[in-house]
Every structure is written in C-alpha cells, then in structure tokens.
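Protein chains: 2
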Amino acid sequence: MANKLNIGLFGFGCVGQGLYHVLNNSSGFTSNITKIAVKDKSKPRTLGSDIFTFNKYDILDNPEINVIVELIDDADEAFEIVKYAIQKGKHVVTANKKLVATHLQELYELQKKHNVSLLYEASTCGSIPIIRTLEEYFDNEQLNKVSGIFNGTTNYILTKTITDKISYQIALKQAQEKGFAESDPTSDVEGFDSKYKAIIIALHAFGVFAKPNDVLNIGITTLHDNDIKYASEKGYKIKLVPTIKHTDNKVSMYVLPKFIKQENPLFFVENEFNGVIVEGEFSGEQFLKGRGAGGHPTGAAVLSDISALSYEYKYAFKKLNQTLKNTIDNNIFIKAYIRYNTLINLEVLGADQIFEQYTGEDYHYAVALVNINQLLLQRDYILKNNLFIAELGEGVSATVKKSIANEALEISQAE
Amino acid sequence: MANKLNIGLFGFGCVGQGLYHVLNNSSGFTSNITKIAVKDKSKPRTLGSDIFTFNKYDILDNPEINVIVELIDDADEAFEIVKYAIQKGKHVVTANKKLVATHLQELYELQKKHNVSLLYEASTCGSIPIIRTLEEYFDNEQLNKVSGIFNGTTNYILTKTITDKISYQIALKQAQEKGFAESDPTSDVEGFDSKYKAIIIALHAFGVFAKPNDVLNIGITTLHDNDIKYASEKGYKIKLVPTIKHTDNKVSMYVLPKFIKQENPLFFVENEFNGVIVEGEFSGEQFLKGRGAGGHPTGAAVLSDISALSYEYKYAFKKLNQTLKNTIDNNIFIKAYIRYNTLINLEVLGADQIFEQYTGEDYHYAVALVNINQLLLQRDYILKNNLFIAELGEGVSATVKKSIANEALEISQAE
Numbered sequence: 004m005a006n007k008l009n010i011g012l013f014g015f016g017c018v019g020q021g022l023y024h025v026l027n028n029s030s031g032f033t034s035n036i037t038k039i040a041v042k043d044k045s046k047p048r049t050l051g052s053d054i055f056t057f058n059k060y061d062i063l064d065n066p067e068i069n070v071i072v073e074l075i076d077d078a079d080e081a082f083e084i085v086k087y088a089i090q091k092g093k094h095v096v097t098a099n100k101k102l103v104a105t106h107l108q109e110l111y112e113l114q115k116k117h118n119v120s121l122l123y124e125a126s127t128c129g130s131i132p133i134i135r136t137l138e139e140y141f142d143n144e145q146l147n148k149v150s151g152i153f154n155g156t157t158n159y160i161l162t163k164t165i166t167d168k169i170s171y172q173i174a175l176k177q178a179q180e181k182g183f184a185e186s187d188p189t190s191d192v193e194g195f196d197s198k199y200k201a202i203i204i205a206l207h208a209f210g211v212f213a214k215p216n217d218v219l220n221i222g223i224t225t226l227h228d229n230d231i232k233y234a235s236e237k238g239y240k241i242k243l244v245p246t247i248k249h250t251d252n253k254v255s256m257y258v259l260p261k262f263i264k265q266e267n268p269l270f271f272v273e274n275e276f277n278g279v280i281v282e283g284e285f286s287g288e289q290f291l292k293g294r295g296a297g298g299h300p301t302g303a304a305v306l307s308d309i310s311a312l313s314y315e316y317k318y319a320f321k322k323l324n325q326t327l328k329n330t331i332d333n334n335i336f337i338k339a340y341i342r343y344n345t346l347i348n349l350e351v352l353g354a355d356q357i358f359e360q361y362t363g364e365d366y367h368y369a370v371a372l373v374n375i376n377q378l379l380l381q382r383d384y385i386l387k388n389n390l391f392i393a394e395l396g397e398g399v400s401a402t403v404k405k406s407i408a409n410e411a412l413e414i415s416q417a418e
Numbered sequence: 004m005a006n007k008l009n010i011g012l013f014g015f016g017c018v019g020q021g022l023y024h025v026l027n028n029s030s031g032f033t034s035n036i037t038k039i040a041v042k043d044k045s046k047p048r049t050l051g052s053d054i055f056t057f058n059k060y061d062i063l064d065n066p067e068i069n070v071i072v073e074l075i076d077d078a079d080e081a082f083e084i085v086k087y088a089i090q091k092g093k094h095v096v097t098a099n100k101k102l103v104a105t106h107l108q109e110l111y112e113l114q115k116k117h118n119v120s121l122l123y124e125a126s127t128c129g130s131i132p133i134i135r136t137l138e139e140y141f142d143n144e145q146l147n148k149v150s151g152i153f154n155g156t157t158n159y160i161l162t163k164t165i166t167d168k169i170s171y172q173i174a175l176k177q178a179q180e181k182g183f184a185e186s187d188p189t190s191d192v193e194g195f196d197s198k199y200k201a202i203i204i205a206l207h208a209f210g211v212f213a214k215p216n217d218v219l220n221i222g223i224t225t226l227h228d229n230d231i232k233y234a235s236e237k238g239y240k241i242k243l244v245p246t247i248k249h250t251d252n253k254v255s256m257y258v259l260p261k262f263i264k265q266e267n268p269l270f271f272v273e274n275e276f277n278g279v280i281v282e283g284e285f286s287g288e289q290f291l292k293g294r295g296a297g298g299h300p301t302g303a304a305v306l307s308d309i310s311a312l313s314y315e316y317k318y319a320f321k322k323l324n325q326t327l328k329n330t331i332d333n334n335i336f337i338k339a340y341i342r343y344n345t346l347i348n349l350e351v352l353g354a355d356q357i358f359e360q361y362t363g364e365d366y367h368y369a370v371a372l373v374n375i376n377q378l379l380l381q382r383d384y385i386l387k388n389n390l391f392i393a394e395l396g397e398g399v400s401a402t403v404k405k406s407i408a409n410e411a412l413e414i415s416q417a418e
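These protein sequence lines are chains A and B, in that order. Going by my numbering, the first sequence opens with residue 4, and the numbers climb by one from there. Going by my numbering, the second sequence opens with residue 4, and the numbers climb by one from there.
So here's chain A without its partners, still in its complex pose:
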C-alpha cells in the first residue's frame, strides 16, 4: 500500500537536520533521503560529502527522486525550486510560510494542473497539526473563527517582557540565542510571519485566497512599558494574535497585539509555544497547543507530511470548493487600545467612537472602535508615530458598530 519515496532535500539547517534525525529514528517507514542540496561549500557538515550537492538540478532533474522537501530560508529561491519540481511531476513538502502564503493561489493551481501533492503542515504553527485538522476534521463544518498565537519568537519576547519583566532587547537577544528568532527578526516582531500563517489557515478554514499586501499586520515593536502597565493593572496579558473571522460568507482577517484575559486559553500559551483556537458552529471552541519553533517539532511536522505522501494524501481544499463562496471583507471595526505619545487625530484610524481617553504628561491612550481597512492604509503612519495598538475584547462588524456605540453611550450616561 505504501509507496517508496525517494526524497531530495533542499537545505540542511536546523529543521533539515532535525528531519534527518527524525527520519532515521522512526520505525516502519519506507523513505530515504537520496540527495541534499546546500548552498555553502565551506560549511562543515555532519554527514559525508557524497549525499550533498551544490547544484539544484542534480535533484530537480533526477527522475528517481519523486519527492522534494524544501527547507531553505530564501522564499524566492524556494518558489523557483517548488514550481520547477511540481512542473516535473514531483510531490513537494515545504515548511516555508512566506513562500506558500505569497504564492498560494498560483501554487494551488499548479499542484492541481500537474496532479501532484503539495503539503505544508510545517509552515504553520510548528508541531500543531492545524492544516491537517482543518482539512480532515473540520472539512464539513462551518467555522466562525480561527485565532491564536502563531509565532514563537514574539510570544517568547512577550512572555519575557510581561511575565518575567526583562527588557524587550534582552528578550529578543535570548530568543536569538535559543534559535527561535532569526538574526533579522523583522518578519517575526512586525507580524509578517504570523500573517503568512493566517493566510494559509484562511484558505483551509474558509476557502479564501488572501494576498499579503491586503492583510493588516501590526507587531510588537512599539510596545512600551506604559502599555504593559495598563495591561497588567487590568489583568491582561499582551499576545500577538492573528484573527480570521467569518460572518455571512464574509471573511475578515488581521494580525494585531491583543489584550487577553485569563478566560482565554491563549493566556497560558507562553514562551515559544503556539496555540490555535478553532471555533466551529457545532463543535464549539477547540484549542490546540504545541511547540511553535525548533528543529525537532518542525521536523516532526515535515515527517508527518512525508508519511502522508506515502499514502498518496493530497489536500482536498473542500472549503474552497464549497457551493457558497466566501469573500474577504476587512471593512470591519474592532475595539482597540491605542497608545500615542504626541497628540494625534484618532480619526486617521477610522475611530469614530471613543469609549475612553487618557491624556497624561508623557503619553496618552484611547479605547475606541477602529477600522481594519483604515489601519491597513495607515500602517506607516502608525509605525512612524510609534503608536501601540492592541485589540480589546472581540471584534464587531460594521453593521453592529452603531448599536455597540449607542449601547456604550447609554452605559456611560447611566454611570
């Protein structure tokens, strides 16, 4: 029943070595890594030189190799490799979230056209089997929301700064030393990495193709002690939370810091761990937690995809092919905390309803309804002015915005 897999591996870094270790330590498995393509000729390797090649076509044009496992950093180069491999009729397993999210629709069309399997469980939330769970378990159930902590680096930094009270810079350095954060952590701390994962999840949970440029990502780079103080006083933790919501065949999505209370299971997802909350129409709230970073957890996810290939597994993309199509609509309002140091016009953020406002000597904040589309347009302004924005409570759609605003008004008048 199981097919023999001859694997060509691209990249032999942390995850590649983890995978090699996992493959050689799992029983009952009929696959072998035939060739490994690497870039750096001078780097010492833990395996003999005959398994390595520096020419990608040694693997891509080898008809004996039927599976490509792509684990390199460079998303553009990775895309060339994956595209070429699919066109050659090879199955592909990749852990590269940027590659997958950026070219999601093209890759979907390609794997369909060439009738191969493209799997990328390891690209999203490390060892948590979220893509497979959405594909296989929630394939027929309408989901209302998927949210969570998708990035181990930022969660490590937030845990250390908020719970352990150490500085952002020291926490970042620690994350880099532990191998969670890249030497350039921009993609992590500015929320791009979380956004790529949200885009991948949105396809499998709601059947939509979102483009990275159309999705808001605001990270944790502008977090200040005053924000931590505000959160702590009110019993919140601050987490970087990508959110994908579904109402009436419309899907909205964004990546923002969020103030989280103890009732939310993400409150207890600390350090490099990831957590995903799936809210199903019938099954209710499901929570999955696991290690979001590191060679072995990611290697195990890649292994699981390789194993699935040996049984000819392919994603069915059922949510994409359902009768009632969803469309993306980010013209929604969420309740947010906005901290700013110089006085700004909050209307720039689409805030037409302000619930609270504080003006202090050296900083100010407001709690207001803000518009996701407007935040996307004003992303540069937000970063340039060092604003910190965090979601508070749950999001609200444009249609219910007014009623919430009215209700808030009534409450404030009653008090």
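Honestly, the hints are just simulated from the structure, not real lab data. Mixed in with the good hints, there may be bad ones.
When chains are identical, the list treats them as one kind, so a pair holds in a single copy or across two.
Said to hold, decoys possible - In the DSSO-like style, the derived pairs of lysine-lysine whose C-alpha atoms are separated by at most 30 Å in a straight line are:
(1) K168 / K237
(2) K163 / K237
(3) K232 / K163
(4) K38 / K317
(5) K168 / K387
(6) K181 / K7
(7) K7 / K328
(8) K232 / K264
(9) K253 / K214
(10) K181 / K148
(11) K264 / K181
(12) K59 / K232
(13) K163 / K181
(14) K264 / K163
(15) K7 / K116
(16) K168 / K338
Computed from a predicted structure; not experimentally measured.
Fit chain B to the given chain A structure using the hints.
Chain B only, in chain A's frame:
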C-alpha cells in the same frame, strides 16, 4: 470522488438529533439518513414517523444502506448491531466507547476481514479529533505519553466542588440537569468511561490491545473535603487523569485522580471540557482541548467520520503494525497521595517507600510510591475502605523506583 452514503442510524437521542441537525446544516455534503431505528414506540419524535423503524433488520438487511451510524446506549445491543453490519459489508461509525473498548481486538479483526471501515472518533473526548490526530499525524513518531481529561461529567463535578466550592451531590445533580451525566453516573464517576477511552487511545498511540478488566480505574467517589483542603493548600487542582505511558516497548496505563499544578495545561480544563496531552519524542508536548460532552460536539465528531467515509477513509493502525511491538506492563510505581480514615496497612497497596505520613484525629494521609498492579488487585479494598488515592507528580518505572527512594532519603537526611 466522493461516494454517496446511504446512512442507517441507530438511536435518536441527544447525539442522534445533534447529528441530524448538523447533517442538514452543512454544505457540500452528499449523504442522507435513510432510516432511523429506535426502541421506544410511545416516545414523541421531532421527525415524521416514516423515517423511523422499530426493527433493526429493516436497516441491517437493507442492501441500499451502506453506512451504519450507531448511537444507542446499550453497549451489548450495539455490539450485536455493529458486528452484524460489518459482516454484511457495511461501514460503521459509532460513538459508543464501552462497545469499542470492550471488543476492540475482535472489532479490529472483523473490519479487517470484511474490508470495511469502522470509525469511532466520537467515542473519545467529544469534539477533540484525538483518534484522527494519532492516526494521521503521529503515525510515524514515537510517543512517550498520552494523558488528559477524558470525561466531561467528572470534570464538571470536580470543577464545581473544587473551584466553586459546592458539594459533590449538588454538582452531580447539576451535571445531570445539564445533560452531561447519565441518570446512573457510575461509569463516569468511577472512571470506567475514562478507561474505555484510554484503551481506545492506547491502540492508536501505542499499538496495544488492553482489556478493561486489566486496567486500573479509580474514580472520584471517595473524594472528601480533607483531600480538597490538602490539594488547595499546596496549589493543586484535582482532576481525573487517565495516563498511558511508553518506555522501552512497554506500555503502562491507569485511570486515577491526579493533583495538578498550574504548569500543567489540564489545570485550566474546566467544567465539561476535555483535554489531551500528547508527548512526542520529537514534537514535544502537544495539547488539545475541546468540548467533551453534548449533542452538537459529539454530532460534529460523528459527522467528521461520515465525511471521511465518503473518501473511503480507514484507520491504518500503523502503531499496531510497526516492527517493534509494544506490550502492556503495569508493574510500575507511581508517587501517590493516599487518604484513609481508619488505620490501614499501606503495604497492601504495594507501598514500600513512604515519603510523608500524617496522622490526625479523624483522617490520615501518606505520600508514597504505590504499585499500579497492586492497586488493581486491591480496587475493592480501596473503595470499601473509602480511601482516596491521587497521583502526585509523574510516574516512575520499577527500575528507577529504588534510585528515587534513595534520593528522597538523601534529601530528607540533608534537610
């Protein structure tokens, strides 16, 4: 690609009605419930009478029906139905944990012999896709341990008695009113239900067939205020925790109350929720949480199995078919809290090492290493004497027992 499923449904209680609702509210689904077999002729039904039958052979001998969904209470009757259906070449989906656990090996052989698919995701931990995750995602990875909260009724009672400080009897009554607990709650509160689920999980996680009589289950019926006081003072919550552990091709398993600290994700699994911790050799600790009881969550799990059938899905039982077979060995020692009201000889429980002992006016307790096999032999003695036993910390194997004992001795001497 998808096969047309003609479903014969047995039982139209809470879960059956939930399923009917879910099936009629999910898009893109090609299956229909052709006939429903029920027992009680006098009961008013929410559907027209022509879909119902009181004769099981109307469904079982109907060649048009290719899938049986079995959702009745009576495990013996359910076994007759499932066995007959499999022999007739029909696929079966069941939510009955007692049925599956009690006849696991026979059912495995039967579905293999008749080349049909027998799926039972809904039997284990409600809406948490644990069987599928073990089968599909951890199929090639060696697991070290699976533990968790598998029973919503006991967890509801424990949450109410410990966190909300209401009495055991009132909590049980509430659970019954909310539809989590059966009118006879014995199977839940004495840990049988948790044990059935642990036996099912043990097959998919470790490839072993355990018989219910060979597995220890001690529930929460002897829980006393003094135990809650002891736990609270030390920052513990008490949960009913089935544990299945794997070391050196040996698998041990038992169901016991456990003292849980805040570091354990089960600490925050409250009310009727279930949680499962899967510890993989490479992927590390995975945690899944979801609703463990109720018509809709269980119905959603049954739906997911039906959906899988439409794609000809079968469990692969890879852990059972791996080269190195595991065997069951419960000759292990765990560290436990034992509370007793009349003086007993702790050696009866295989306790040869006592770390702490308290003798009071009206109750006593000890913290000691106890032997799981010995507890199994003494189950009646434990219940008769109203002992409360709870695991403390992690289990230890027989081989390391002595070194722990020595270490504890050294620590106590050093203090």
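Hint by hint, here is what the structure shows:
Proximity of K168 to K237 under the C-alpha cut-off of 30 Å is found in both arrangements, the shortest distances being 17 Å within a copy and 26 Å between copies. Taking the closest pair of Cα atoms, K163 and K237 come within 30 Å of each other both inside a single copy (19 Å) and across two copies (26 Å). In this assembly of identical chains, K232 and K163 lie within 30 Å of each other by CA distance solely inside one copy; the values are 14 Å within and 33 Å between copies. Taking the closest pair of Cα atoms, K38 and K317 come within 30 Å of each other only inside a single copy of the chain (24 Å); across copies the shortest separation is 33 Å, beyond that limit.
For the identical chains of this complex, K168 and K387 are intra-copy neighbours only, at 26 Å inside a copy versus 52 Å across copies, given an alpha-carbon limit of 30 Å. For the identical chains of this complex, K181 and K7 are neighbours neither inside a copy (36 Å) nor across copies (52 Å), given an alpha-carbon limit of 30 Å. Only between protomers do K7 and K328 lie at most 30 Å apart by alpha-carbon distance; the minimum there is 23 Å, versus 38 Å within a single protomer. Taking the shortest alpha-carbon separations for K232 and K264, both the intra-copy value of 15 Å and the inter-copy value of 27 Å come in at or below 30 Å.
With identical chains, the CA atoms of K253 and K214 are at most 30 Å apart within one copy only, with a shortest distance of 16 Å there and 50 Å across copies. In this assembly of identical chains, the alpha carbons of K181 and K148 lie at most 30 Å apart only when taken from different copies (26 Å versus 32 Å within one copy). Within a single copy, K264 and K181 get their C-alpha atoms as close as 28 Å, and across copies as close as 26 Å, so both meet the 30 Å cut-off. In this assembly of identical chains, the alpha carbons of K59 and K232 never lie at most 30 Å apart, being 52 Å within a copy and 65 Å across copies at closest.
Proximity of K163 and K181 under a CA criterion of 30 Å is satisfied intra-copy only: 13 Å inside one chain copy versus 41 Å between copies. With identical chains, the CA atoms of K264 and K163 are at most 30 Å apart both within one copy (18 Å) and between copies (21 Å). In this assembly of identical chains, K7 and K116 lie within 30 Å of each other by CA distance both inside one copy and across copies; the values are 23 Å within and 26 Å between. When the C-alpha separation of K168 and K338 is checked against a cutoff of 30 Å, the pair qualifies only within one copy, where the shortest distance is 27 Å, while the shortest distance between copies is 35 Å.
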